[in-house]
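Asker: Quick note on numbering: the sequence shown equals residues 1 to 299 in this note's numbering.
Quick caveat, the hints were computed from the structure, so don't treat them as lab data.
Among the hints, erroneous ones may be present.
Claimed, not checked - Subject to a maximum C-alpha distance of 16 Å in a straight line, what follows is the list of computed EDC-like cross-link-like pairs (lysine to aspartate or glutamate):
no. : residue 1 : residue 2
1   : 255       : 276
2   : 44        : 20
3   : 44        : 27
4   : 275       : 31
5   : 260       : 220
6   : 69        : 98
7   : 69        : 153
8   : 275       : 94
9   : 44        : 88
10  : 44        : 149
11  : 44        : 132
12  : 274       : 88
13  : 255       : 280
14  : 255       : 220
15  : 69        : 149
Unchecked claim - Pairwise CB distance ranges (calculated):
no. : residue 1 : residue 2 : range
16  : 203       : 271       : 28 to 36 Å
17  : 250       : 153       : 30 to 38 Å
18  : 19        : 69        : 42 to 50 Å
19  : 31        : 269       : 34 to 42 Å
20  : 203       : 46        : 28 to 36 Å
21  : 66        : 287       : 19 to 27 Å
It should be emphasised that the depicted structure is a prediction, and the values quoted were computed from it without experimental measurement.
Where a beta carbon is used, it is the ideal one built from N, C-alpha and C, also for glycine.
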Amino acid sequence: MLILFLSLLSLSLKIYAAQDYSRFFLDQKGDLTQVEEWQVEPRKYQVRLHSSQGFTVEGFVKVPDPPAKQAPAVIILDGLETGAWVVDLIGGVEEVNDTVIMAMNYPYKGEISLEGIQLLATLLKFRRAIFETVVGGLLMVDYLSQRGDVDPEGIVMVGISFGSPFAVVTSALDSRVKALAVHYGGGDLEQLLFHNLRSENWILRRLFSRLGALILAPVEPLEYVERISPRPLLMINGRQDERIPLNSVQALFQKAGPPKQLIWLEGDHVYPSKKELIQELTRRTARWMRSNNLFRTLK
């Protein structure tokens with residue numbers, strides 16, 4: 001019975017995965033119809049965005065002090081644990097003091113199990129959050145594009161770890177994102193799942209990683225990253241990263257068009273506790289933005 005169930009599930013997921021979700025994401029977003037903002041700190045605002053399709057996304061925005069007329073803006077989609085609080089981790093880095101920084105609270109609440117069949121159950125529950133996260137990213141681009149203090153030619157998307165696939169998809173779908181940075185992320189979600197699954201049984205690991213990749217197919221970075229070109233792409237990864245295998249990094253970088261840059265750092269995966277690494281990523285990203293004229297409005 002289990003084999004029959006998995007076979008039927010696999011067939012259903014293949015049909016689900018074969019669709020082109022680009023138009024679906026854009027249709028689901030609709031229009032940005034309402035913005036709620038309230039100040040929580042001198043430079044920090046909590047934001048709630050509402051769309052005509054009934055979606056709501058929440059997050060934080062940090063603004064320059066003193067206020068800028070038209071500052072570059074960075075949207076950060078980072079790890080599941082950190083969410084919108086990442087603005088506090090990087091807000092003190094001098095290189096981005098003149099930048100509007102925005103991050104979202106993910107719509108999915110809970111942990112993602114890496115235990116075979118539990119992974120599939122988690123991902124099936126997570127499926128709606130996949131769409132809501134991409135829609136949320138697109139709504140944040142709408143919001144920043146309407147702000148009078150944001151340079152519309154200086155909007156950059158940054159995906160870190162868990163947020164990397166969503167950053168790739170959002171940037172591919174919206175040309176108002178002028179550049180993309182992917183840190184500690186990769187492509188080929190089946191390989192990523194296989195690498196991270198906690199099972200010594202090779203056959204089960206391969207089976208569950210394949211089924212999991214079919215569930216996540218709407219946000220497979222390899223299906224979108226070519227659309228980033230000719231906009232700049234920066235990738236920064238760790239040589240000893242225990243989460244993102246080398247072949248996943250190479251697959252994403254090779255699939256991307258120019259201009260692109262891949263930087264390798266020593267060390268393992270990035271986590272919220274690694275404040276020095278997060279600040280180093282911020283400084284390197286800021287220098288890359290300047291080199292690509294994305295800070296054009298700043299002296």
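Asker: Evaluate each hint against the coordinates.
Answerer: These are the hints, each one checked on the structure:
1. 255 x 276: Violated - the C-alpha atoms of residue 276 and residue 255 are around 30 Å apart, more than 16 Å.
2. 44 x 20: This hinted pair is violated, its Cα atoms lying about 37 Å apart.
3. 44 x 27: With a Cα-Cα distance of about 31 Å, the restraint between residue 44 and residue 27 is violated, given a limit of 16 Å.
4. 275 x 31: Cα-Cα ~36 Å, so violated.
5. 260 x 220: Violated. Residue 260 to residue 220 sits at ~19 Å, over the 16 Å cutoff.
6. 69 x 98: holds (10 Å)
7. 69 x 153: holds (13 Å)
8. 275 x 94: holds (14 Å)
9. 44 x 88: holds (9 Å)
10. 44 x 149: holds (14 Å)
11. 44 x 132: violated (24 Å)
12. 274 x 88: Holds, at about 13 Å.
13. 255 x 280: violated (26 Å)
14. 255 x 220: Measuring from Cα to Cα gives roughly 12 Å; hence the hint holds.
15. 69 x 149: At roughly 5 Å apart (the allowed maximum being 16 Å), residue 149 and residue 69 satisfy the hint.
16. 203 x 271: 28 to 36 Å: At 31 Å between Cβs, range holds.
17. 250 x 153: 30 to 38 Å: holds (31 Å)
18. 19 x 69: 42 to 50 Å: holds (43 Å)
19. 31 x 269: 34 to 42 Å: Given range 34 to 42 Å: holds, Cβ gap about 38 Å.
20. 203 x 46: 28 to 36 Å: This hint is violated: roughly 47 Å between Cβ atoms.
21. 66 x 287: 19 to 27 Å: About 23 Å separates the Cβ atoms of residue 66 and residue 287, which means 19 to 27 Å holds.
Checked against the numbered hints above, the structure violates hints 1, 2, 3, 4, 5, 11, 13, 20; every other hint is satisfied.
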